[in-house]
Amino acid sequence: MSASNRPVRVRFAPSPTGYLHVGGARTAIYNYFFAKAMKGTFYLRIEDTDRKRYNEEALHDLLRDLRWLGLQWDEGPDCEGDVGPYFQSERLDIYAREIKKLLDSGNAYYCFCTEERLQEVRAAQEKSGAVVTGYDRHCRNIPREEAEERIARGEKAVIRFKVPETGITGFDDLIRGHIEYQNELLDDLVLIKRDQYPTYHFASVVDDHLMGTSHVLRGDEWISSTPKHVLLYKAFGWEPPVFCHLPVILAAGGGKLSKRKGAASVGDFRDLGFLPETLVNFLALLGWNPGDDREVMTIQEMIDVFTLERINPKAVAFDEKKLQWMNGQHIHQADEKFLADYMVKGLEAIEIKTSSFSEDYILAVVKLLKNRAHFLTDLPIMASYFFTTPKTFDEKAKTKNWGAGSRAIAQSVRKALEPLTEFNASSIEQAFHALAESSGLRLGDLVGAVRLAVSGVSAGPGLWEIFELVGKQNVLSRILDAEPLMEP
RNA sequence: GCCUCCAUCGUCUAGUGGCCCAGGACUCGGGAUUUUCAUUCCCGCAACAGGGGUUCGAAACCCCUUGGAGGUACCA
1 MSASNRPVRV
11 RFAPSPTGYL
21 HVGGARTAIY
31 NYFFAKAMKG
41 TFYLRIEDTD
51 RKRYNEEALH
61 DLLRDLRWLG
71 LQWDEGPDCE
81 GDVGPYFQSE
91 RLDIYAREIK
101 KLLDSGNAYY
111 CFCTEERLQE
121 VRAAQEKSGA
131 VVTGYDRHCR
141 NIPREEAEER
151 IARGEKAVIR
161 FKVPETGITG
171 FDDLIRGHIE
181 YQNELLDDLV
191 LIKRDQYPTY
201 HFASVVDDHL
211 MGTSHVLRGD
221 EWISSTPKHV
231 LLYKAFGWEP
241 PVFCHLPVIL
251 AAGGGKLSKR
261 KGAASVGDFR
271 DLGFLPETLV
281 NFLALLGWNP
291 GDDREVMTIQ
301 EMIDVFTLER
311 INPKAVAFDE
321 KKLQWMNGQH
331 IHQADEKFLA
341 DYMVKGLEAI
351 EIKTSSFSED
361 YILAVVKLLK
371 NRAHFLTDLP
381 IMASYFFTTP
391 KTFDEKAKTK
401 NWGAGSRAIA
411 QSVRKALEPL
421 TEFNASSIEQ
431 AFHALAESSG
441 LRLGDLVGAV
451 RLAVSGVSAG
461 PGLWEIFELV
471 GKQNVLSRIL
481 DAEPLMEP
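For the first sequence, our numbering assigns the number 1 to the initial residue and increments by one for each residue that follows.
Keep in mind that the hints are not guaranteed to be accurate.
With a cut-off of at most 20 Å between alpha-carbon atoms, the simulated SDA-like pairs for lysine to any residue come out as follows [claimed, not checked]:
| # | residue 1 | residue 2 |
| --- | --- | --- |
| 1 | 39 | 319 |
| 2 | 367 | 342 |
| 3 | 345 | 434 |
| 4 | 353 | 378 |
Simulated from the structure, these hints should not be mistaken for laboratory data.
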């Protein structure tokens, strides 16, 4: 059975060395979408073969962020499948067994070259302007017995792959087509490091085969090492998976996306108040489209129409403006109970108590606010006056709304509202209209001063709705208390 | 340096030889609605990198140039 018609098994294989950045997240998203679209398996493999850069906290954050995005793996850490372990550091015996096959078949050899010698070789190549660079194959022909004797005597060695010196190695990339490299330009890469850990190249090939990977979807920085991987599959006599290299995500102005240029990690965006649905939607659309004009989509809607063929080969820029717009769209559609919980947590964080308010009241506040929020973090900020009397008033709004004559207006509004027995949006609106008529003032002249008095700010939901929720007693007393601050 | 990949509005994209003097979305500008701010709705600005081919016909196919990205580690 060839790789392309095997059951779909794909993986996300991060290295726990730092935070999950958006590029990695998108790779995970495409793997997840493809697995779900094809009714296949999405597994998570931790590539922790670099002991120097290994970071326990990074691993923890990685799993948390992946789950937050909703990309739950079918197999991997915390949910072992049949082909584990899922941590490469726990598979050392497997790599030892597999490297022996390559040593036995003459496809790999021990190399005793020191770091210093390698540097000298590289420097000499640079100086002479040599076309063929890389390791000079100095140890390629040391007989196996001699090498093993030297190791027995305590010499340290790495194991390198014996790459063919001539010929062409090619592969078919699913979104770029056929790609070829001259073998003479490939050097004898290291398979097993001095510390006995495998390199990425060796471990990923062995694992992808042993763990049944059908398609490798990974960043396009791997394109140039793919021919070496193909050669490795061939040396083992294994069928390579289908390769699909994803374009990079660039910063808005071009160049690498980095913390310096703004938020770059999944955790950053979560803290900023983005919904996971937004991030997944936006990242998926960065380089992929559903084939029609839809943009704001649910994860399920995207999975339903997801195909690898619609991924673009072009590198893309990360436009945060559009992300923000999209977050607003997703907040409009978000579950109100979820938004309410987020809002309540945010309010409590700034010490505004909500426990004396009913769930219905809190939900009503959310309904009023959600269409004007671009970030989840906007919610508690905009909601404070529904739960507590404003302690400060927006300075700019004060000069604009509490100028000459405002106190009289506030008083007349208060008097117009006092007799209301039903205090709801429509009765309040009627009272305002009646007051406008009797006073000869426009509605716009009537609302500014009392809006500021009741909410502390000049912008927000419709005034009638605010008043209804805040309640008659609170509205009247807030206006009364603010009157001395207004000009007569 | 060498190898590889990429190239449509500022940004994300549609486009698989005639439906394209190029469509959608974000941004930006204007307008409508309105009790404020948003939302929403209309209208508008704005692109096939350049040069050669192929073809009756090219944004689409080929070549070159230019520009961008990646690789060239005992990191992934």
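Structure-based check of all given hints:
no., hint, result
1, 39 - 319, "violated (32 Å)"
2, 367 - 342, "holds (14 Å)"
3, 345 - 434, "violated (40 Å)"
4, 353 - 378, "holds (17 Å)"
Hints 1, 3 from the list above are not met by this structure, while the remaining hints are.
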